[in-house]
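Asks: Following the hints, position chain B against chain U.
Chain by chain, the residues run as shown.
Number of protein chains: 2
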Amino acid sequence: MNIYWSDTAKRLEPYVPGEQPQDRKYIKLNTNENPYPPSPKVLEAIKNAADDRLRLYPDPDCNSLKEYIAQYFGLEKGQVFVGNGSDEILAFAFLTFFNPGNSILFPDITYSFYPVYCGLYGINYKTVPLDENFSIPVESFFQKNGGIIIANPNAPTGKYLDVSLIRQILERNTKSVVLIDEAYIDFGGESSVKLVNEYPNLLVVQTLSKSRSLAGLRVGFALGDRGLIEGLDRVKNSFNSYTLDRLAIVSAIEAIKDETYFRKTREKVIRTRERVSRELTGIGFEVVDSLANFIFIRHPKVYAYDIFQKLREQGILVRHFNKPGIDNFLRVSIGTDSEMDIFLRVIKNIVRE
Amino acid sequence: MNIYWSDTAKRLEPYVPGEQPQDRKYIKLNTNENPYPPSPKVLEAIKNAADDRLRLYPDPDCNSLKEYIAQYFGLEKGQVFVGNGSDEILAFAFLTFFNPGNSILFPDITYSFYPVYCGLYGINYKTVPLDENFSIPVESFFQKNGGIIIANPNAPTGKYLDVSLIRQILERNTKSVVLIDEAYIDFGGESSVKLVNEYPNLLVVQTLSKSRSLAGLRVGFALGDRGLIEGLDRVKNSFNSYTLDRLAIVSAIEAIKDETYFRKTREKVIRTRERVSRELTGIGFEVVDSLANFIFIRHPKVYAYDIFQKLREQGILVRHFNKPGIDNFLRVSIGTDSEMDIFLRVIKNIVRE
Chain U
1 MNIYWSDTAK
11 RLEPYVPGEQ
21 PQDRKYIKLN
31 TNENPYPPSP
41 KVLEAIKNAA
51 DDRLRLYPDP
61 DCNSLKEYIA
71 QYFGLEKGQV
81 FVGNGSDEIL
91 AFAFLTFFNP
101 GNSILFPDIT
111 YSFYPVYCGL
121 YGINYKTVPL
131 DENFSIPVES
141 FFQKNGGIII
151 ANPNAPTGKY
161 LDVSLIRQIL
171 ERNTKSVVLI
181 DEAYIDFGGE
191 SSVKLVNEYP
201 NLLVVQTLSK
211 SRSLAGLRVG
221 FALGDRGLIE
231 GLDRVKNSFN
241 SYTLDRLAIV
251 SAIEAIKDET
261 YFRKTREKVI
271 RTRERVSREL
281 TGIGFEVVDS
291 LANFIFIRHP
301 KVYAYDIFQK
311 LREQGILVRH
321 FNKPGIDNFL
331 RVSIGTDSEM
341 DIFLRVIKNI
351 VRE
Chain B
1 MNIYWSDTAK
11 RLEPYVPGEQ
21 PQDRKYIKLN
31 TNENPYPPSP
41 KVLEAIKNAA
51 DDRLRLYPDP
61 DCNSLKEYIA
71 QYFGLEKGQV
81 FVGNGSDEIL
91 AFAFLTFFNP
101 GNSILFPDIT
111 YSFYPVYCGL
121 YGINYKTVPL
131 DENFSIPVES
141 FFQKNGGIII
151 ANPNAPTGKY
161 LDVSLIRQIL
171 ERNTKSVVLI
181 DEAYIDFGGE
191 SSVKLVNEYP
201 NLLVVQTLSK
211 SRSLAGLRVG
221 FALGDRGLIE
231 GLDRVKNSFN
241 SYTLDRLAIV
251 SAIEAIKDET
261 YFRKTREKVI
271 RTRERVSREL
281 TGIGFEVVDS
291 LANFIFIRHP
301 KVYAYDIFQK
311 LREQGILVRH
321 FNKPGIDNFL
331 RVSIGTDSEM
341 DIFLRVIKNI
351 VRE
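So the sequence lines, in the order shown, correspond to chains U and B.
The working numbering applies: residue 1 is where the first sequence begins, and numbers increase by one.
The working numbering applies: residue 1 is where the second sequence begins, and numbers increase by one.
In isolation and in its complexed conformation, chain U is listed as follows:
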């Protein structure tokens, strides 16, 4: 604590991202990165853009990128917002659509950045309990609220909520914004983007960090009604005119364009997830149904934290959340097949001991 901090800075409880250790080489299954490299076309585009033009500001509106994204989803450019990772977009969205006095709703087990944003802006929130299978009971969202945010698939469970159920929420909730955070949607779920033209209060947020293997470049986007997008642009333009640098913009365009590569790597991740889930089930693990690029697992006899520690000692990083209700689970990102083979061999030994 420092005497010069504002009241806001004093009350914050910042988000803690998964560790990015520098001490040794790990099999990194802890931050949901894609195990496959970005499209070769992305890397080529970066090399071609690394020239004199970097002395010039980027396009503050990222028009070309917005056009590619709009075209990809069959929307208009005015329905697209882009930002420095989906985290930045969420940070803008909380400020653009939620008011302090009016509690927003989100599941009690979800992306732990949501309460952090609320703390940052002094927004009240109420959490909705998941059921015993980590499913979201949609009826719990049929109540007065200042906004709704749902990660779909949810994190850290990987559980997917069908678009028909999201439609139910939208039908009964027309006065506040419903934000669907689809960071992991490309690994098997159906996007709510198809509802964007029907509901003027639906905002769908996606990222290139996971399914396009670009966590290192920080690009996310939001899709929604023009009115919502205009609001996001106003807030962004009152914060930082140029949130995406020139290399991030060209990379994102190439990543969106290379659909073949995207489909190929996505399918590989899905296949590996299904195989690893089966093998873990086979050795006694409970594996939550996942449509994400990670799985959420529990062993009936060995404590999650013990498994976490032993994996770490043997050079494998996974994520453990020290939170009520999920503290006996581990979230395991899906790596390459050979990484997962090592993971399976090591974890089998751990639970057999």
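Treat the hints loosely; a few may be bogus.
As the list makes no split between identical chains, a pair holds if one copy fits it or if it spans any two.
Here are the computed lysine-lysine pairs in the DSBU-like style, where the Cα-Cα straight-line distance is at most 35 Å [unchecked claim]: (1) Lys-41 / Lys-126; (2) Lys-257 / Lys-47; (3) Lys-264 / Lys-348; (4) Lys-77 / Lys-310; (5) Lys-323 / Lys-144; (6) Lys-323 / Lys-126; (7) Lys-77 / Lys-126; (8) Lys-194 / Lys-10; (9) Lys-77 / Lys-25; (10) Lys-77 / Lys-323; (11) Lys-77 / Lys-268; (12) Lys-175 / Lys-10; (13) Lys-301 / Lys-348; (14) Lys-323 / Lys-348; (15) Lys-257 / Lys-25; (16) Lys-175 / Lys-126; (17) Lys-268 / Lys-41; (18) Lys-47 / Lys-25; (19) Lys-77 / Lys-10; (20) Lys-47 / Lys-77.
Read the hints as simulated data drawn from the structure, not as lab findings.
Replies: Leaving out everything else, chain B in the frame of chain U:
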């Protein structure tokens, strides 16, 4: 206006950056970009970093970059904060150090993003009038305040405030943060960084956009007491864990390391500024003393807006601010010598007509 906007989004008046036209090729003297390319070492480093690692998140704390910056300025790593351009750092700093109820102070003519940040967070402010030569009367800052922000050199005037005068403000102002925005300091002024170890409430913000020719890559940094930096980190980590992407981090490191190139291009800009200032004075312009990479000029007989329009018609972009007190001035960024030769030839004709 949209019914789903928060009260904050409704009250905003966003910042408007200088235009980045796509319609034709201009001599671009309107957004204070460096006319010289980034260091060749920066471009090489980007090409070497454009590989598989982009699938991984960057270091959220940017430790290696912070270490280089600390070393460069003779500070500790804990005294360095980095961000997505100095605009993002200012946006974080306003939230970290200023409280809504307690008016902050800044000059009435200065970077027009400051009142925008105040609008974003509901922070009150009071402006301090510059004197008739656009100098900052430091005594005006000897009054109760919730924080002080001064651009040095100031924008859009280019006027520099001596560090001894900033020290005077710091001596009389120990209860709130004094933020010195040094976006243009490398073009001839002395940095207040040398006061950082003496005053725990001094925060100095700089950028690589101007003097390191990296506007396209969005990297800024702040230097100050550990307590201030920790506050900025808390706010940043409650907003977006990874604000700098991998390519921006490696570029920034190389730009800081290549001191020879930095000095060479900076000297060229300074020499060109001095020559252009003399020539403009010679044809009747009033030229405000500038230690920035731009000049602020007025003609006694021809309206600034008319000159602006005529320059534009002839393919030269400069910046005109439609604001009381400065609406008869133009801000002209310093280009290459050959660009400025064209500018001088064209403007001579305009004022001669």
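Asks: Take the hints in turn and mark each one as holding or not.
Replies: Now the hints, each set against the structure:
| no. | hint | result |
| --- | --- | --- |
| 1 | Lys-41 / Lys-126 | neither (44 Å within a copy, 51 Å between copies) |
| 2 | Lys-257 / Lys-47 | both (17 Å within a copy, 21 Å between copies) |
| 3 | Lys-264 / Lys-348 | within (29 Å within a copy, 61 Å between copies) |
| 4 | Lys-77 / Lys-310 | between (49 Å within a copy, 33 Å between copies) |
| 5 | Lys-323 / Lys-144 | within (27 Å within a copy, 45 Å between copies) |
| 6 | Lys-323 / Lys-126 | within (17 Å within a copy, 45 Å between copies) |
| 7 | Lys-77 / Lys-126 | within (34 Å within a copy, 39 Å between copies) |
| 8 | Lys-194 / Lys-10 | between (41 Å within a copy, 28 Å between copies) |
| 9 | Lys-77 / Lys-25 | between (42 Å within a copy, 25 Å between copies) |
| 10 | Lys-77 / Lys-323 | between (41 Å within a copy, 32 Å between copies) |
| 11 | Lys-77 / Lys-268 | within (31 Å within a copy, 41 Å between copies) |
| 12 | Lys-175 / Lys-10 | both (32 Å within a copy, 16 Å between copies) |
| 13 | Lys-301 / Lys-348 | within (13 Å within a copy, 85 Å between copies) |
| 14 | Lys-323 / Lys-348 | within (25 Å within a copy, 70 Å between copies) |
| 15 | Lys-257 / Lys-25 | both (33 Å within a copy, 27 Å between copies) |
| 16 | Lys-175 / Lys-126 | within (17 Å within a copy, 37 Å between copies) |
| 17 | Lys-268 / Lys-41 | within (19 Å within a copy, 37 Å between copies) |
| 18 | Lys-47 / Lys-25 | both (27 Å within a copy, 24 Å between copies) |
| 19 | Lys-77 / Lys-10 | between (39 Å within a copy, 22 Å between copies) |
| 20 | Lys-47 / Lys-77 | both (27 Å within a copy, 31 Å between copies) |
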